[in-house]
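Student: As a plain string of letters, each chain reads:
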Amino acid sequence: MEATGAGPRPEQGEGRRLELSSLADFAAGLAHEINNPLAVIIEAAGWVEDLLEDEETKSNLEEMRRSLRQIATQAGRCKEITHNLLSFARRVPGRVYDVDLNELVREVAATFEKRAASQKVVIGLHLGEGLPRRRLSPTAIQQLLVNLLNNALDALEPGGGRIDITTRREGGDVLLDVADTGTGIPQEVAARIFDPFFTTKPVGKGTGLGLSICFGIAEDMGGSISVDSQVGRGTTFHVRIPERPAGEGDLEPARLHSEEEDSDGIVPRSPTVVLLVDNEEGFVETVAKRLERRSLMVLVARSGQEAIARLEAHGAVDVVVLDVKLPDMDGTEVLKELKRRAPLVEVILLSGHSTVESAIDGMRLGAFDYLVKPCELRLLLRQIDKARVKKARQEERIMEARLKEITMRRA
Amino acid sequence: MDEFTVLLVDDEIEFRDLLAKRLSKRKLKIFTAGDAAEALRLLAATPVDVVVLDVRMPGMSGTDALREIKKRLPAVEVLMLTGHAQLDVALAGMELGAFDYLLKPVDLDALLYRLQDAYRKKRLREGGGQPLR
Chain V
80 MEATGAGPRP EQGEGRRLEL SSLADFAAGL AHEINNPLAV IIEAAGWVED
130 LLEDEETKSN LEEMRRSLRQ IATQAGRCKE ITHNLLSFAR RVPGRVYDVD
180 LNELVREVAA TFEKRAASQK VVIGLHLGEG LPRRRLSPTA IQQLLVNLLN
230 NALDALEPGG GRIDITTRRE GGDVLLDVAD TGTGIPQEVA ARIFDPFFTT
280 KPVGKGTGLG LSICFGIAED MGGSISVDSQ VGRGTTFHVR IPERPAGEGD
330 LEPARLHSEE EDSDGIVPRS PTVVLLVDNE EGFVETVAKR LERRSLMVLV
380 ARSGQEAIAR LEAHGAVDVV VLDVKLPDMD GTEVLKELKR RAPLVEVILL
430 SGHSTVESAI DGMRLGAFDY LVKPCELRLL LRQIDKARVK KARQEERIME
480 ARLKEITMRR A
Chain F
41 MDEFTVLLVD DEIEFRDLLA KRLSKRKLKI FTAGDAAEAL RLLAATPVDV
91 VVLDVRMPGM SGTDALREIK KRLPAVEVLM LTGHAQLDVA LAGMELGAFD
141 YLLKPVDLDA LLYRLQDAYR KKRLREGGGQ PLR
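Quick mapping for you: the protein sequence lines, in order, are chains V and F. Numbered by my numbering, the letters in the first sequence go through residues 80 to 490 in order. Numbered by my numbering, the letters in the second sequence go through residues 41 to 173 in order.
It should be emphasised that the hints constitute simulated quantities derived from the structure, not laboratory data. Hints may contain errors.
In silico DSSO-like pairs for lysine-lysine, Cα to Cα no more than 27 angstroms straight-line [unchecked claim]:
1. V:K137 - F:K69
2. V:K137 - F:K65
3. F:K67 - F:K162
4. V:K137 - V:K199
5. F:K61 - V:K137
6. F:K67 - V:K137
Just the calculated beta-carbon pair ranges, DEER-fashion [what the hints assert, rightly or not]:
7. V:G239 - F:F71: 42 to 48 angstroms
8. V:C157 - F:S101: 24 to 30 angstroms
9. F:A77 - V:K368: 52 to 58 angstroms
10. F:K111 - V:S197: 43 to 49 angstroms
11. F:A77 - V:T161: 18 to 24 angstroms
Just so it is clear, CB atoms sit at the ideal spot from N, CA and C, and this is done for glycine as well.
Produce the entire structure from the sequences given, and follow the hints as far as they go.
Tutor: Below is the structure:
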């Protein structure tokens, strides 16, 4: 059994596009998805009101607390829907880079290792050698991989099993397969899996947007996604990345920060000092170690307050790598504080898929760039380097201006 | 109004349980079920006056469940809960003998009034029994 997403066969591709653009169906799905959590919110709030009418409010406190927690949880569900909807609509900013698909696969797979192990799932990588690099949006490819891996892990519950990720060349195209040994997809379901809001996951577990987002990503790059599945045996998703992905030239949006600077020219006088602000234990350690191996000096802070204190204490931080989600402060607030204290410091934001919005806010507040986690280390390094160069140039400019001022005064 | 018995059938556990609490507080006797099969099992064992049935659930579809309930227990009244986009399902349900349909998210008072109406209708149809107050 096979169902094709976007494809070389035009009649199928067109049919699909028509289905996706069926606004009425889309709106109905959206209304239903949002109405369910809303119904719970309304009843939970009503229940608190009911309880408040009682004489003895004290014994009702625990009930009220539970209802309030429910309200927060269900509102969170609504938020997740709207976030997914946003990435469905915009498919997350698609800056394109020369992407090494294998490295991207390795990075994303690594972030899933813990969850896989706890579910008794083995992830096998079979990465073809000598794959040509492609001009792609790493963010989009990451999102595609994350969605496919999430689904594969869900399909392997509760017994565990295998996920195999394969990359290979076929002619000029690059193929990516994600195969699981899970429950499989019945034929009548397979026909609809790329439709927005279609989900077979239990209430509150899936928004039904993951695969339609994958579909959109594949279509955006001029490729395709299709599925092969056998009930009880497993499912394989095939992604085809064409020789020349669509939008190579035009996908690059107006950059929010101005010049694309080349790191050639300015040689650093002293090692670049990077302040890494993140409270995700494993991540901080790994990144710090890997940056140090490349002769960067790394300071670590695990909260917004600590970051501000560190910056003030050290005084010579060049680049801050700042996760927008911190335990104590909002990422944009931290950014503002850092920039206020050290206007020349360049800040690279790290965000999760669900916090891309605050990263974009950060760009407006003067961040140098933002990267979506999990991000390729090479990309992070390159952006740190560029940020450091930009800061050095700025400092030089200021020095020159000062010199000019002094010489003018003398004259 | 007498105390009467209502079965809530919905797979949204949180919603169903909150609704159950709120209706219990309004002196109704409430049972709950998570899907059509569970509802049918419960109906076979317990006398129920009105069923509130979410038409969108996993397993048996809402209309099939309704048909099954009406076949086995014609006297039970069924109120359907539907999404805005499911008016066709709602209409099909009415043809199958549902008492009424309400749109989700539903106003509690509106639901309560319709439940009382449904119960009243059931009592009238049954005739006899206890006199209406």
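Student: Now, for every hint given, state plainly whether the structure supports it.
Tutor: Structure-based check of each hint:
1. V:K137 - F:K69: holds, 25 angstroms
2. V:K137 - F:K65: Distance ~17 angstroms between K137 (chain V) and K65 (chain F) Cα, so the pair holds.
3. F:K67 - F:K162: holds, 18 angstroms
4. V:K137 - V:K199: violated, 45 angstroms
5. F:K61 - V:K137: Holds, at roughly 18 angstroms.
6. F:K67 - V:K137: Roughly 22 angstroms separates the two Cα atoms, so the pair holds.
7. V:G239 - F:F71: 42 to 48 angstroms: Distance hint for G239 (chain V), F71 (chain F) is violated at roughly 37 angstroms.
8. V:C157 - F:S101: 24 to 30 angstroms: holds, 26 angstroms
9. F:A77 - V:K368: 52 to 58 angstroms: Given about 55 angstroms between the Cβ atoms, the range holds.
10. F:K111 - V:S197: 43 to 49 angstroms: Distance hint for K111 (chain F), S197 (chain V) holds at roughly 46 angstroms.
11. F:A77 - V:T161: 18 to 24 angstroms: At 34 angstroms between Cβs, range violated.
Hints 4, 7, 11, counting from the list given before, are not met by this structure.
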